[in-house]
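Participant: Just so we're on the same page, our numbering is the position in the sequence shown counted from 1, plus 50.
Some hints could be false.
[Unchecked claim] Straight-line Cα separation of at most 30 angstroms, DSBU-like style, residue types lysine-lysine; simulated pairs:
(1) Lys-420 / Lys-274
(2) Lys-997 / Lys-1031
(3) Lys-301 / Lys-377
(4) Lys-437 / Lys-502
(5) Lys-503 / Lys-471
(6) Lys-1057 / Lys-1163
(7) Lys-670 / Lys-509
(8) Lys-871 / Lys-1057
(9) Lys-791 / Lys-871
Treat the hints as calculated values from the structure; they're not laboratory data.
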Amino acid sequence: MMAGVPLTPTILLVVLCHILGANSSFQPALVLDMAEILLENYCFPENLMGMQEAIQQAIESGEILQISDRKTLAAVLTVGVQGALNDPRLAVSYEPNFVPVTPPVLPSLPMEQLVRLVRNSVKLELLENNVGYLRIDRIIGEETAAKLGPLLRDNIWNKVAHASSLIFDLRFSTAGEQSGVPFIISFFSDPGPPVHIDTIFDRPSNTTEELWTMPSILGERFGKKKDLIILTSKRTMGASEAVAYTLKHMKRAIIVGERSAGGSVKVQKIRIGDSGFYITVPVARSVNPITGQSWEVSGVSPSVNVIAKEAVANAISLLAVRSTIPKAVQTISDIIGRFYSFTDRVPTLLHHLASSDFFSVVSEEDLAAKLNHELQSVCEDPRLIIKLSQDHPVIIEEDFEPEKVPDDPEFLKNLVDTVFKVQILPGNTGYLSFDKFGEVSVMDQLAEEIAKKVYEPLKDTENLIIDLRYNTGGPSASLPILLSFLQDESQKRHFFTIYDRIQNATTEYNTLAGFTGPVYGSKRGVYVLTSYYTASAGEEFAYLMQSLHRGTVIGEITSGTLMHSKSFQVEDTDIVITVPFVNFIDNSGECWLGGGVVPDAIVLAEDAVENAHEIIEFHKGVRTLVEEAGKLLEIHYAIPEVALKVSKVLLTKWAEGSYRAVVDYESLASQLTSDLQEMSGDHRLHIFYCDIEPESLHDVPKIPTAEEVGYIINALFKSEVLPGNVGYLRFDMMVDVEVVKAISPQLIKLIWSKLVNTDTLIIDMRYNTGGYATAIPLLCTYYFDAAPLRHLYTVFDRSTTTMSEIMTLPEVMGQRYGSSKDIYILTSHMTGSAAEAFTRTMKDVNRATVIGEPTVGGSLSSGTYRIADSILYASVPNQLVLSAVTGKVWSVSGVTPDIEVDPEDALAKAIEIINLRAQIPAIVEGAGALVADNYAFESVGADVAEKLNGILASGDYSMVSSKEELEIKLTADLKTLSGDKSLKTTHNTPVLPPMDYTPEMFIQLIKVSFQTDVFENNIGYLRFDMFGDFEEVRAIAQIIVEHVWNKVVNTDGMIVDLRNNIGGPTTAIAGFCSYFFDADKQVLLDKLYDRPSGTTKELWTLPELTGTRYGTKKSLLILTSGATAGAAEEFVYIMKKHGRAMIVGETTSGSSHPPNTFRVGESDIFLSIPTVHSDTTQGPAWEGAGIAPHIPVPAEAALDTAKGILNKHFGSQK
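Throw the hints in and build the complete structure from the sequences for me.
Facilitator: Here is the structure:
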């Protein structure tokens, strides 16, 4: 049990007393008493604050004072308290004659009555197929169950345990005790660690009780593997709801029936004061650890919603369905294992089936839907289908039976005439139509007739239309015949591969050798017509014509019917699984997963022929357009060698058939753009089509009239002076320099004059998509001093083959902003073209901090050129821009901001940085002053402060953009200037209050903190990784001596391992050192100089210690590493200086005495400053330098080295 939520005296009663004053009516007193009962008993005390206002308003309104009828008042109060707390269980009643009835406590009843009660509330049957039926109308509590243990075990639980599945009927269970819930949950669980099943908070006692499953129970368990159905009704209430809710959310039971009543864990009817009024209050509540919610009020919702009287029948049907699941899943696994064509995916599918959770399955439909969704997700193959047979008629697909054709020449001739329709259409376009692909053996028989009647008439046509709109398929093996006709005789080409899982055979289909008849070749256009009826091999042919780049597909999306799968009925179910046993792999190695072929030109089937003629006409000019696009690139593109390469590749792609899929200017523009960008790596290259000539071809900016100037300024520019004298300038388009000059007088007057005298400027380019680059030098000039002129960037112009250095201008209209004040530019993914170029320039020359999103990656200058005499136009970047700083070509990928944030946060971030940078000079100067005044070594501190101020003056801190960045830089500068890694920024972490440890806890802590051992030759070993504070150590000194020191003090030599000791307070150093010196005289260990106070403290050995001293006579070796720091270094320094120990290992960290924390001015920056240093009269300080060992060895070898030294020493004494 643990304490619940404590409640301090609420404001509620105080407020009510103040409102009521001396009113003598009984109603206010009644309300106050009611409020007090709720405060002490209601199970949601945190919700009671919501009641205060409701009660206060009710009393202030005087409504309840006017209600004299007590039953009416009770009803009004019920409505008020239920509404305020949103809890329908709360009820006020007026019952002056109410006599509380206390029901008898079950455990106190005689055994005979208990047995009778249990027998009357429990019914047990064994139904067909070993299905158990258990009805319990009352959940008995733990104490009663213990009293009736053997009876319950033998007559109920052990009988139920042997059922194959169980229907647990709680429809009539309206009473019970929560203490009985854990047993029932445990009965339906497997043995194992206890599981948290519920938490009960009792308000009157203010306690919380957790309910857990029981590690062991009397009798056998039903366990958690067999199916469990719980029946509920509207009457199911209380503990039985807890059982149903818990088992449902543990995924242990399926609930069938009606939503339960939504009762309560515990409800009390409490008299209000001395009146005849009573309030019914839920005094305890349940919180499920899985859902964080409860069954109370809302009830338990069923998994299968049926009326209560039909629940048993539904449960029996459901169990029948669920009993088939293992067999059905195993059958599906076997079918997939035997037939599925992707053999590499089979193990994953079988593993998924074996590990799937079918708890939620309540019907065959559920099972089919679950398996279909999950298996398709796992294998990513839409051909693997599981569904109910009544969903759609399922075709059980069989292998083709070879057709038998008489070897009769006349019959063969008539058959070819019947199957194939051949025409020559206007424009010398061939037309071939057939409605089925024949068997290869039949096609071989018909080969000569086909050559004569089909290939010969078509061989000289300019283009060929193959009409498959009514082609329902046939065997895939016949596809190479027609495909070979459409290739060159000399061309040996791989068409496709078929893997047959049943035969475990892979067959490759290539150009046929010894083709009968003339071939059409690969150069002329082929146009395949499709419809929704085009299926199977007809679809495969259309698909291959696309993937081989041999033809253009026109018409409707095909049916998606592939004849490469088998369907099986899953025994004893209506579930059918369709499994692809063949993989159809194209010439690129891609497996086609069906789903229908999407035509290059989607049109109604009846319009396909007409559309084919239009596309044929369009295709006549495609090569010229592709070639002209390449020539434009060669003439104008900024990088000549790339242009030449791309131009050649474009023609190669056309020759390979890559442009057969284009069917109009739109698709051609899209394909050209994709190819240009892919081959050049430049996303700025773009082909577009336009019915009217674009204005960009006549790129002469229009100079605005005097009347238009004001409109342009208002439309494009927005300015504001923000708090702190921060200027804000937004403009959404880069206008031409001549336009800028024309509007300059008004622009300076209306916009610039407001901003030029601000201390900082924010330029908002988030919505600026670009425009003219000609004004960039003029705009940049305002942000630099007049002299010297600044090199902004260099431009190589391909059209003129000239290189121009772009500089700031010597003169501008109006006042300059200058180069000393901070500028921030805000960007987004919309920022493009010339706006990008301006941003990149300002960032490149380190004149602005860019905040926001990476920009779009536009071009400084692109020319628009018409492709031949068509409506296609090419946008070609014709200039290269080189950085003024690096001399390298600007990237085309956009400007990466200095600080990346969402665009909507960019302005706020800029203001945040501005505010920070305004504080930075004071912070850096303040940090220097603190170091100068407090650093342990005075001369070093003064030098650091002076140099730090020099760094500040040089502008090194001007681009700091966050507190974290400031702390990182300040730390780096302080460490570099001082050579002291302990001088740095830090965080002002509050000191935690000391823990109140018990002696037992101290012992355990000490055992963990110290490691001791005694090696061969009585060599002691002591390791600890941190020093403690003297006062804390003194308090537990006796415990440390007993559990640590006494284990090693009587050794003949000792190794103290400080390789992992990171320091700590130095206050205990003198005491620890004292154990290694004799008691007869005190030794001056060190002198510590404290800079802030200017005092020196002497560190002496202590005259008295807890426990026995080790003394000075026995050997002492100390192990060190580069991690040994702080207080550990002070100990090593003292012991080495006094010659008391031999140091073995690595030079120590070079840290310092524990530094002090100082706040820098009023900022939230803190410095960690070492203020104390050891005596330096006998040699250089160890602080910042570390302590060199006597025996230098790697840290990991130090212990073995030390043991070897002592073993050798002791060995020589024997």
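Participant: Are Lys-503 and Lys-471 close enough, with their CA atoms no more than 30 angstroms apart?
Facilitator: Roughly 9 angstroms separates the two Cα atoms, so the pair holds.
Participant: Can the restraint linking Lys-437 and Lys-502 be considered satisfied, given a maximum Cα separation of 30 angstroms?
Facilitator: Violated: Lys-437 and Lys-502 sit about 48 angstroms apart, past 30 angstroms.
Participant: Is the straight-line distance between the alpha-carbon of Lys-670 and that of Lys-509 30 angstroms or less?
Facilitator: Holds, because 19 angstroms separates the two Cα atoms, which is no more than 30 angstroms.
Participant: So if I understand the rule, the pair passes when the alpha-carbon distance is 30 angstroms or less; does Lys-301 with Lys-377 pass?
Facilitator: With Cα atoms ~21 angstroms apart, Lys-301 and Lys-377 stay inside 30 angstroms; holds.
Participant: What's the verdict on Lys-1057 and Lys-1163, does the C-alpha distance respect the 30 angstroms limit or exceed it?
Facilitator: Within the cut-off at roughly 28 angstroms; holds.
Participant: Is the straight-line distance between the alpha-carbon of Lys-997 and that of Lys-1031 30 angstroms or less?
Facilitator: Answer holds: Lys-997 to Lys-1031 is near 17 angstroms, not above 30 angstroms.
Participant: Given the hinted pair Lys-791 and Lys-871, is their Cα-Cα distance within 30 angstroms?
Facilitator: OK: Lys-791 and Lys-871 at ~25 angstroms, within 30 angstroms.
Participant: Quickly compare the C-alpha distance for Lys-871 and Lys-1057 to 30 angstroms and report which way the hint goes.
Facilitator: violated, 61 angstroms
Participant: Does Lys-274 sit within 30 angstroms of Lys-420, going by the straight-line distance between their CA atoms?
Facilitator: holds, 22 angstroms
The structure fails to meet hints 4, 8 from the earlier list, while all remaining hints are met.
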